[in-house]
Amino acid sequence: MYAMVMSPPSAPAAPQPSAPSTIDVALHRSPDQRWGFRLQGGADYRTQLTVMRVEPNSPAQGKLRVGDAIQTVNGKKSRQLSHAQASEVIKESGNSLKLTIVREPNAAACLDHIRPPGKPKFSRPGS
Amino acid sequence: HPLHLGYLVQFGILSLSSLSMANSGQYYNSNNGSAYNNGPGYYDGEEEEEEEWNREDFLDPAWEIQQKKTFTAWINSFLRKADTSIEDITQDLCSGLKLMLLLEVISSEALPKPERGRMRFHKINNVNKALEFIERKGVQLVSIGAEEIVDGNVKMTLGMIWTIILRFAIQDITVEEMTAKEGLLLWCQRKTAPYKNVNVQNFHMSWKDGLAFCALIHRHRPELLDYSKLSRDNPLENLNLAFDVAEKHLDIPRMLDPEDMVNNVKPDERSVMTYVSAYYHAFSGAQKAETAANRICKVLRVNQENEKLMDLYERLASDLLAWIKRTRPILEDRSTDNTLDGVRDRLNQFRDYRRAEKPPKLEEKALLETTFNTLQTRLRLSNRPAYLPTEGKLVSDIANAWKGLEKAEKGFEEWMLAEMQRLHRLENLYKKFVLKCGNHEAWMEGKEAQQQSQDFKSCKLNDLKAMMNKQVAFEADLGAHQERVEQICKIAEDLNSLGYHDLDSVNSRCQAICGAWDRLGVLSTTRSRALREAEQVLESLDQLHLQFAKRAAPFNNWLDGANEDLMDFFIVYSVQEVDSLQAAHSEFRASLPAAEAEHRAIAHIDAEVRELAAAHGLSGDALINPYTGLTARELAMKWDEVSARVPARDQSLQQEVARQHQNERLRRQFADLANVAGPWIEQRLDGVSSICSSGRQLSLEEQDRRLNAIQDELQGFKSNIEEMERVNQSIQEAFIFDNPHSPYTMETIRVGWEQLHTSIAKALNEVANQILTRDSKGITNDEMTEFRKCFNHFDKSKTRRLDPIEFKACLVSLGYNIRNDRQGEQDFARIMALVDPNRTGQVGFDAFVDFMTSEKTDQNTADQIIQSFRILAGDLPYVTSEVLRRELPPDQAEYCIQRMSPYGGPDAPPGALDYTTFSATLYGETDL
Chain A
1 MYAMVMSPPS APAAPQPSAP STIDVALHRS PDQRWGFRLQ GGADYRTQLT
51 VMRVEPNSPA QGKLRVGDAI QTVNGKKSRQ LSHAQASEVI KESGNSLKLT
101 IVREPNAAAC LDHIRPPGKP KFSRPGS
Chain B
1 HPLHLGYLVQ FGILSLSSLS MANSGQYYNS NNGSAYNNGP GYYDGEEEEE
51 EEWNREDFLD PAWEIQQKKT FTAWINSFLR KADTSIEDIT QDLCSGLKLM
101 LLLEVISSEA LPKPERGRMR FHKINNVNKA LEFIERKGVQ LVSIGAEEIV
151 DGNVKMTLGM IWTIILRFAI QDITVEEMTA KEGLLLWCQR KTAPYKNVNV
201 QNFHMSWKDG LAFCALIHRH RPELLDYSKL SRDNPLENLN LAFDVAEKHL
251 DIPRMLDPED MVNNVKPDER SVMTYVSAYY HAFSGAQKAE TAANRICKVL
301 RVNQENEKLM DLYERLASDL LAWIKRTRPI LEDRSTDNTL DGVRDRLNQF
351 RDYRRAEKPP KLEEKALLET TFNTLQTRLR LSNRPAYLPT EGKLVSDIAN
401 AWKGLEKAEK GFEEWMLAEM QRLHRLENLY KKFVLKCGNH EAWMEGKEAQ
451 QQSQDFKSCK LNDLKAMMNK QVAFEADLGA HQERVEQICK IAEDLNSLGY
501 HDLDSVNSRC QAICGAWDRL GVLSTTRSRA LREAEQVLES LDQLHLQFAK
551 RAAPFNNWLD GANEDLMDFF IVYSVQEVDS LQAAHSEFRA SLPAAEAEHR
601 AIAHIDAEVR ELAAAHGLSG DALINPYTGL TARELAMKWD EVSARVPARD
651 QSLQQEVARQ HQNERLRRQF ADLANVAGPW IEQRLDGVSS ICSSGRQLSL
701 EEQDRRLNAI QDELQGFKSN IEEMERVNQS IQEAFIFDNP HSPYTMETIR
751 VGWEQLHTSI AKALNEVANQ ILTRDSKGIT NDEMTEFRKC FNHFDKSKTR
801 RLDPIEFKAC LVSLGYNIRN DRQGEQDFAR IMALVDPNRT GQVGFDAFVD
851 FMTSEKTDQN TADQIIQSFR ILAGDLPYVT SEVLRRELPP DQAEYCIQRM
901 SPYGGPDAPP GALDYTTFSA TLYGETDL
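Protein chains in written order, with full-length UniProt numbering: chain A, 1 to 127; chain B, 1 to 928.
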């Protein structure tokens, strides 16, 4: 029954989707180590430079999250950078890398733990 | 060499649960009396076939002979790679040595070292090692004993080999999640479907005439045989042809005997399956390549289509912004040439803009928005980052520019109507000015000369008295005229402050009047003083003349004023105003009898003068009134003029009344149209929103149909709107600025009309996106309906959007575990960020469906494409342009060849291309 699950009047209002936060991230690595994240998008793709995967046990782990949109690389704005240019700058960044990212409130993070198992099941409203 | 066995199972990858062969664990696990224990008939688990097997057990089993041949050939097809072979399947396997070798070749894995002894227990140990290896590969060999194999038990040996064939050659054949046997059958059916005289229903009778084998070969390698020459009447020829070709060109050894196939009532199923599976493996490389090529093409196509949509969006945005940039200054231009015609021209231009120029731009804007939505939906569906338009071309930029345009538009029309009203009043004010000036100038005519006259120096006393009195009368007249001059100045002043377009003529005329007036004042003072000086010398007055003069002058002034009033222009905007003019006129008419009495009295004085003169026989100069220039005749003429103008005034007032009533009719006419159109539009708006959100469960196609129906209705209704525009134009041209009969104005109707257009376009786009989502995710219509019902149930406000509270309730009802604590709040905020990335505070239906059907874990698409290229490349880390041209359609192949960079790895031949980097590039992905 749908009516059963409506929030009671005394319950706090549903949280407003919090605004995306702009975060400065500093990564450090030892020589010959990879940063450990996958970059997707860029000006030549006309999409946001976006972190699409973070490898476990890498410098990026715990600092970057899937879905982070990169705004600056080492203090320089990256909106106009092509994918290859951005990749190159990050690759050639020595042993430390500074990024400014805009993070949706953990948008792309795994939501599996709250999903119901299997395909969604509907009961007919009012039945 | 592992490549030759490439089709064999990669052991680590398959899990036991995927071994759906034989439909159940019955075959592997049953311990008690299943078909397995009774011999080799365990396989199918289909009762009918089991009975057949059992029956054949009792007869001299033709299947046993056939199986021996086939299985021997099959085993040799592997043992030849170890440079050995067997001749008798029971004798040559019983030592266990060749059995172990066979398994090593098939699996490319090493078995434990065999025992070299020739004793029975050595053999049993070796066979057991082989059996243990098989069991380690996930097959339970219940009740196959090493002793029976070593003893050369035919049925048991054949059963064991069949188990090996199933496990290593057939098990990995899966087509659309069917069992291996069904999958192989389905593969045969699909591949032979174009061949009318082939109908594969099983693995025995369907293959007797040999055509099915030929068809399989011809389908994949048409150059190897001429299928059109074959006939089902020549089974032996067909079988021999197929087997020869397969042996020679496909490296598939002969495993079946054509004579057996023809002569046996029913060919042995396992033998045929074993042989056919060899065909499958020979061709499945091509099969996999086809799948891989399809996947690559699909991804390339999606990319190309997305790029097209991005181009479309950019182009539309540029065009629209450029148009707005061009148009706004025109609408913000408030310069005026102060003429009515100039303003009318611009109002007409504005009407053309509203009717012809803006509507197509509105459609372009809708197209732009729908393109954006479609693009973002497509990107979301293919797991790509969100589209980021060029700076300054974001959706919000477009919306802001558009808002600015509409604001300018509204201000422009308001300004123009006010301007028209102002200029119209100005025009009338100018006419009034011209009339008053004309009258005054006529009055002034000769006055200066008269005041400068030296006549009093050579006249008689009486004449002087008369002159003095005349001068007094003149000064009275002058005083009376002072007010009129002031009026003229005031009007001129107003014309100046209102910015009349021809001020030069107004000002020079006004100045001329004022200058003359001032001079006249000075002259009059001078003359009065001169007359008074002469007064002591001269005296004598005629009372009667004096009396006349005193009454005639004010009366004359009244006549002039009345004439002026009667000729006055009026400007009214309502029936009430014209009514008040009529009331004033009636008042004037009521004062006429008193004036007439005055007129008679003055005429009577004049008559008395004449009577007196006549009575005393006087004539000539004595009859001339020395006190005033006014004569009774002149007054009578003016009186007649006034009397004549009264009916004319009556008539013009009545015309004005009629005009106001006509205006009223126009208002009614507009109101009648607007009062129909307004509710009509509101109903359609409600209709659109109810189609998309109603409790009625409509399929997407039905929604699309109904929306299109409304759009058609809209087309039909357009003429009403145009009719209203025409009436509205008449109204504006008649200077009607209000309409109490309708709550709708042309502006509100236009807004509603455009809103209706926009919301239909939006709704159609939403439906189209839902169809896209549904089709691309394989959601059934029923599932879509369930999503729709659930969504609508929580859409309490019927806005076709869920607010966060509604959406949360919806998710919880669907079984989402959103707790009522901090963690739950964070989870929900994350979900909102997914479904409402622009933070509008609302969740649309397509975003809801998208969320409900999104994958649990993100799929790694670039890796899939790399895998697909690896298949095309025959497992090499690079690919050549020849391969690409062979496997992909020409344009896709060229697309890849142009973009792939040379492969830089070791051992690369010239022309090797790097498909790994290319695939990553396709997605814009780099691992850093």
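Derived from the structure by calculation, the hints contain no laboratory data.
Where hints are given, some of them may not hold.
DMTMM-like mimics (lysine to aspartate or glutamate), calculated; alpha carbons at most 25 Å apart, straight line [as the list claims (entries may be wrong)]:
1. A/Lys-91 / B/Asp-397
2. B/Lys-81 / B/Asp-251
3. B/Lys-432 / B/Glu-357
4. B/Lys-308 / A/Asp-44
5. A/Lys-76 / B/Glu-391
6. A/Lys-63 / B/Asp-504
7. A/Lys-98 / B/Asp-927
8. B/Lys-403 / B/Glu-596
9. A/Lys-77 / B/Asp-927
10. A/Lys-91 / B/Asp-251
11. B/Lys-403 / B/Glu-357
12. B/Lys-638 / B/Glu-596
13. A/Lys-76 / B/Asp-927
14. B/Lys-393 / A/Glu-92
15. A/Lys-77 / B/Asp-914
16. B/Lys-358 / B/Asp-397
Label pairs and their computed distance ranges (CB to CB) [unchecked claim]:
17. B/Gly-138 / A/Arg-53: 29 to 35 Å
18. A/Arg-53 / B/Glu-135: 55 to 61 Å
19. A/Arg-53 / B/Arg-351: 19 to 25 Å
Positions of the beta carbon are idealized from the N, C-alpha and C atoms, including for glycine.
Hints versus structure:
1. A/Lys-91 / B/Asp-397: Cα-Cα ~35 Å, so violated.
2. B/Lys-81 / B/Asp-251: Since the Cα atoms of B/Lys-81 and B/Asp-251 sit roughly 12 Å apart, the hinted pair holds (cutoff 25 Å).
3. B/Lys-432 / B/Glu-357: 41 Å, violated
4. B/Lys-308 / A/Asp-44: Holds - the C-alpha atoms of A/Asp-44 and B/Lys-308 are around 14 Å apart, at most 25 Å.
5. A/Lys-76 / B/Glu-391: Status holds; Cα separation ~17 Å.
6. A/Lys-63 / B/Asp-504: Violated - the C-alpha atoms of B/Asp-504 and A/Lys-63 are around 79 Å apart, more than 25 Å.
7. A/Lys-98 / B/Asp-927: Roughly 17 Å between the alpha carbons, so the hint for A/Lys-98 and B/Asp-927 holds.
8. B/Lys-403 / B/Glu-596: 67 Å, violated
9. A/Lys-77 / B/Asp-927: 21 Å, holds
10. A/Lys-91 / B/Asp-251: 49 Å, violated
11. B/Lys-403 / B/Glu-357: Measuring from Cα to Cα gives roughly 17 Å; hence the hint holds.
12. B/Lys-638 / B/Glu-596: Cα-Cα ~12 Å, so holds.
13. A/Lys-76 / B/Asp-927: 21 Å, holds
14. B/Lys-393 / A/Glu-92: Judged against 25 Å, a Cα distance of about 32 Å means the pair is violated.
15. A/Lys-77 / B/Asp-914: Cα-Cα ~31 Å, so violated.
16. B/Lys-358 / B/Asp-397: Within the cut-off at roughly 19 Å; holds.
17. B/Gly-138 / A/Arg-53: 29 to 35 Å: Between B/Gly-138 and A/Arg-53, where Cβ atoms are some 33 Å apart, the hint holds.
18. A/Arg-53 / B/Glu-135: 55 to 61 Å: 39 Å Cβ-Cβ, so the 55 to 61 Å window is violated.
19. A/Arg-53 / B/Arg-351: 19 to 25 Å: 58 Å Cβ-Cβ, so the 19 to 25 Å window is violated.
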